[in-house]
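Peer 1: Dock chain B against chain A, hints included.
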Amino acid sequence: MSTAAAANPMPGVTAGAPVYELEGVGKTYARNNLVALEAVNLTLTKGSFSAVIGSSGCGKSTLLKIMAGLIPPSTGRVTLQGRPVTGPRRDIGMMFQQATLFPWRTTIDNIVLPIEIRDGKSAARAARDRARELLELVGLKGFENVYPNELSGGMAQRAAICRMLITEPAVLLLDEPFSALDELSRDFMNMELQRICRSREATAFLVTHSIPEAVILSDVVYVMKPRPGRIAEVIEIDLPRPRTLDMMTTPKFGQLVDKIRSRLDKEAFL
Amino acid sequence: MNAPQSATETPDAAQDTVWVETVPLIDRIPRSVQMAFVFVVFVALWDVVTRSGLVSAIILPTPWETARDLVFVGRNLITGDYMLRALWTTIKEVIYGFALAIAIGFTLGVIVGETAFGERAIMPYLVAIDTMPKVAFAPLFVAWLGFDIHSKVALAAFIATFPIVVGTAAGLHAADANARMLFKTMGASRWQTLIKLKLLTGLPQIFTGLKIAAVGVMAGAITGEFLGGGKGFGELIRVAASNLNTPRVFSLILYLSIVGLALYAFVTWVQRTFVFWHKDQVLRGAD
Chain A
1 MSTAAAANPM PGVTAGAPVY ELEGVGKTYA RNNLVALEAV NLTLTKGSFS
51 AVIGSSGCGK STLLKIMAGL IPPSTGRVTL QGRPVTGPRR DIGMMFQQAT
101 LFPWRTTIDN IVLPIEIRDG KSAARAARDR ARELLELVGL KGFENVYPNE
151 LSGGMAQRAA ICRMLITEPA VLLLDEPFSA LDELSRDFMN MELQRICRSR
201 EATAFLVTHS IPEAVILSDV VYVMKPRPGR IAEVIEIDLP RPRTLDMMTT
251 PKFGQLVDKI RSRLDKEAFL
Chain B
1 MNAPQSATET PDAAQDTVWV ETVPLIDRIP RSVQMAFVFV VFVALWDVVT
51 RSGLVSAIIL PTPWETARDL VFVGRNLITG DYMLRALWTT IKEVIYGFAL
101 AIAIGFTLGV IVGETAFGER AIMPYLVAID TMPKVAFAPL FVAWLGFDIH
151 SKVALAAFIA TFPIVVGTAA GLHAADANAR MLFKTMGASR WQTLIKLKLL
201 TGLPQIFTGL KIAAVGVMAG AITGEFLGGG KGFGELIRVA ASNLNTPRVF
251 SLILYLSIVG LALYAFVTWV QRTFVFWHKD QVLRGAD
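Chains as they are written, first to last, in our numbering: chain A, 1 to 270; chain B, 1 to 287.
Next comes chain B alone, as it looks inside the complex:
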């Protein structure tokens, strides 16, 4: 409304009211530059520590050695050599393990979150098992399922199931009293309330569980390979470590982390597509 008025104002008057808003330095530098800065400092420190002989090369290779090995492993992966086959084995374990964890975790989560019996009689057992160190079950899975990928899939799924159960059960309780009452007044059945209200309201929590599970499933697969042998990437890491080939261990871990990152990114992408309406999601759009 004031626009026509201010247009007729004299330049002097306009100048009086000019405010120069100062943007803090940290906001003016792009995020990528800030991240690159941290990376450079980290590598420089690493270089100084290794080159000066402060740390033995067997314990910590120089950044240069690691980079050279990264290229070597990268070439091997691209040409489809034994490393790619090992990586593919591990990826299969992760995918099967994650799918299994989702199927079991979601079902258990709905039983525990929706039924009074599940909450009272089943949940205590799940909590009890969840507090156990799950990695300790690895030898059992190997004994039961052998040295092939089955035992690794089982351990990966075992570790990843619990966050999904907890996320789903918590999500089903997320709908507020008003929404439940509204569904009651509309004469909604229990099934309709579950599908059209509780599960949808709980999606943010369910996805939080899935993200934690995505991290756990990776750890489970690699731990399974360390303890149960097989032909996966974990085995390559174990062999490299026992040969004191530290640069190889480093580069294998880096490539492995790409797989983990991809899985996490996939879950996040699915979440953004389906939970576009969530408040946090809208706000988080900035980063």
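If we strip away everything but chain A, and leave its shape as in the complex, we get:
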């Protein structure tokens, strides 16, 4: 617990306290009068892992962009650590389906890039030690001076995790982070993600297309439905922590997956 407190950017906040809050968040695109998102309420508590699942066009990516501060909501309130989100912030970490490492930078230079952009080159140099610690955390020790085109897909995503963590964000927004990997690497990386999140007591929010992935990683799964995009169902996942891949064969896991699938089936394919 003491190590987790050290990594905690807000020492006063204890586990379970709300970190990220959305109240009545909606988005209407003026250009075609399309309601992409309607009255979304959700609260991410400290150290929790949440996932949002839904068919394409259900407003997942709009929701994520609003949460990342990339686009403004049309209605509602977005609050992170007590302050309204009005643009990209350093306490928001983000990760995409593609690792998006820059081939002209070594792995470690890619990882300190967010620091370089926000605080300049000397701050980035000072952050290299922290970057090395992160590389060790994700199992990439010794790869700091390797160029990204020599990394495998899984290794590149590990480096992307480091880049996301380097600013010590309060919330991690994960946009299908491992869906470009093969199935075996994907399962393995999901377990790694759990380990990393637990070791840092990170608050994470995952967007995914995969029901098993959502269930194995999350404490809460939000099921979204399209036209207009909204959260139709909130499902608590009460499997014990830490989760293991073996749990995916238990009846309890199967029931949860079935439950989510049945909720999705009703409207998703109309």
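Worth flagging that the hints you see were computed from the coordinates, not collected in a lab. Wrong hints could be hidden among the right ones.
Which residues of chain B face chain A? A partial, calculated answer using Cβ under 7 Å [said to hold, decoys possible]:
id	residue
1	G118
2	A179
3	L182
4	K184
5	T185
6	Q192
7	W277
In silico SDA-like pairs for lysine to any residue, Cα to Cα no more than 25 Å straight-line [what the hints assert, rightly or not]:
id	chain 1	residue 1	chain 2	residue 2
8	B	K184	A	P72
9	A	K141	B	W277
10	A	K46	A	Y29
11	A	K46	A	S152
12	B	K196	A	P103
13	B	K196	A	I117
14	B	K196	A	R130
15	A	K141	A	L151
16	B	K184	A	G142
17	B	K184	A	S179
18	B	K184	A	N149
19	B	K184	A	G87
20	A	K121	B	N178
21	B	K92	B	A128
22	B	K134	B	R238
23	A	K141	A	R198
24	B	K184	A	S56
25	B	K211	B	L244
26	A	K46	A	L239
27	B	K184	A	E176
28	B	K184	A	G82
29	B	K92	B	L140
30	B	K211	A	R89
31	A	K141	A	E201
32	B	K196	A	R89
33	A	K225	A	Y29
34	A	K46	A	E236
35	B	K196	A	A126
36	A	K121	B	H150
37	B	K196	A	A123
38	B	K184	A	Y29
None of these values were measured; they are calculated from a predicted model. In this text, a Cβ means the ideal position worked out from N, Cα and C, and glycines have one as well.
Peer 2: What follows is chain B alone, placed relative to chain A:
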């Protein structure tokens, strides 16, 4: 993992699994030999055509005459005679023209590629000028800038600017949506995004533009000399041609092509040094 197993296998069993991989003949002959073969065939054909009297010697000299003149011009260049001075004039035109084209082309490329105004309001004019036969502007440049090297530099730069503009503008659009979004989430300013993302991502396209420009700048300088006189290599070629000294024209062109080749090689070398990370670059390392 199978290594210890196969070591204990009997020789007979090992022989059964021996595969003789056949390499195609074309892969077994070194590339230099293949190139030499084409050269020899070309010269032999040339020799037959000229020696048999099929083509008049005034129109096409024999390979032997051309080789003799190559040596003559080469000697003149080495001893620093008038030909070297002419070559140096042309090289200066090419270098100044190329530098000018890079400065103007890159600036315009960034304006057109980065700003909406540039793309909407300036690009159409650039496209319009680019479709014009640029050599036709040569008399204008001579009228404006005189018979000295300025008019040649201007024409060379004029021709070479457009590929650089197009390459730079295209390069700035090369960064994918993910990379742009990532820079946004990191709170990068427009300037940071341009320097640290767009320009670097676009380097391969920018260098493609530079390579096309390197070829164009040479053509521009020589055309300028043909049409505007002066003391360059183009003038020597023009004089030799009007004297029906065809072997001289041939050897002058060959030496000139070395200059063009050197410029192209220089750009390629800079590209390999700075764009070492590009996928094509890594693959192309073989040749």
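Peer 1: All the hints need checking, so say for each whether the structure fits it.
Peer 2: Evaluation of the provided hints:
1. G118: For G118(B), the interface hint is violated, since the closest Cβ of chain A sits about 24 Å away, which is over 7 Å.
2. A179: 5 Å, holds
3. L182: 5 Å, holds
4. K184: 6 Å, holds
5. T185: 5 Å, holds
6. Q192: Since chain A brings a Cβ to about 6 Å from Q192(B), closer than 7 Å, the hint holds.
7. W277: 4 Å, holds
8. K184(B) with P72(A): Roughly 14 Å between the alpha carbons, so the hint for K184(B) and P72(A) holds.
9. K141(A) with W277(B): 22 Å, holds
10. K46(A) with Y29(A): 32 Å, violated
11. K46(A) with S152(A): 32 Å, violated
12. K196(B) with P103(A): 12 Å, holds
13. K196(B) with I117(A): 9 Å, holds
14. K196(B) with R130(A): The given pair, whose Cα atoms are some 22 Å apart, holds under the 25 Å limit.
15. K141(A) with L151(A): Since the Cα atoms of K141(A) and L151(A) sit roughly 13 Å apart, the hinted pair holds (cutoff 25 Å).
16. K184(B) with G142(A): Roughly 30 Å separates the two Cα atoms, so the pair is violated.
17. K184(B) with S179(A): 22 Å, holds
18. K184(B) with N149(A): 23 Å, holds
19. K184(B) with G87(A): 9 Å, holds
20. K121(A) with N178(B): 23 Å, holds
21. K92(B) with A128(B): 29 Å, violated
22. K134(B) with R238(B): 20 Å, holds
23. K141(A) with R198(A): 20 Å, holds
24. K184(B) with S56(A): 23 Å, holds
25. K211(B) with L244(B): Roughly 34 Å between the alpha carbons, so the hint for K211(B) and L244(B) is violated.
26. K46(A) with L239(A): At roughly 18 Å apart (the allowed maximum being 25 Å), L239(A) and K46(A) satisfy the hint.
27. K184(B) with E176(A): 18 Å, holds
28. K184(B) with G82(A): 22 Å, holds
29. K92(B) with L140(B): 21 Å, holds
30. K211(B) with R89(A): Violated, at about 42 Å.
31. K141(A) with E201(A): 22 Å, holds
32. K196(B) with R89(A): 19 Å, holds
33. K225(A) with Y29(A): Roughly 18 Å between the alpha carbons, so the hint for K225(A) and Y29(A) holds.
34. K46(A) with E236(A): 16 Å, holds
35. K196(B) with A126(A): The given pair, whose Cα atoms are some 19 Å apart, holds under the 25 Å limit.
36. K121(A) with H150(B): Violated, at about 43 Å.
37. K196(B) with A123(A): Judged against 25 Å, a Cα distance of about 16 Å means the pair holds.
38. K184(B) with Y29(A): 20 Å, holds
In this structure, the earlier hints numbered 1, 10, 11, 16, 21, 25, 30 and 36 are contradicted, and the remaining ones agree with it.
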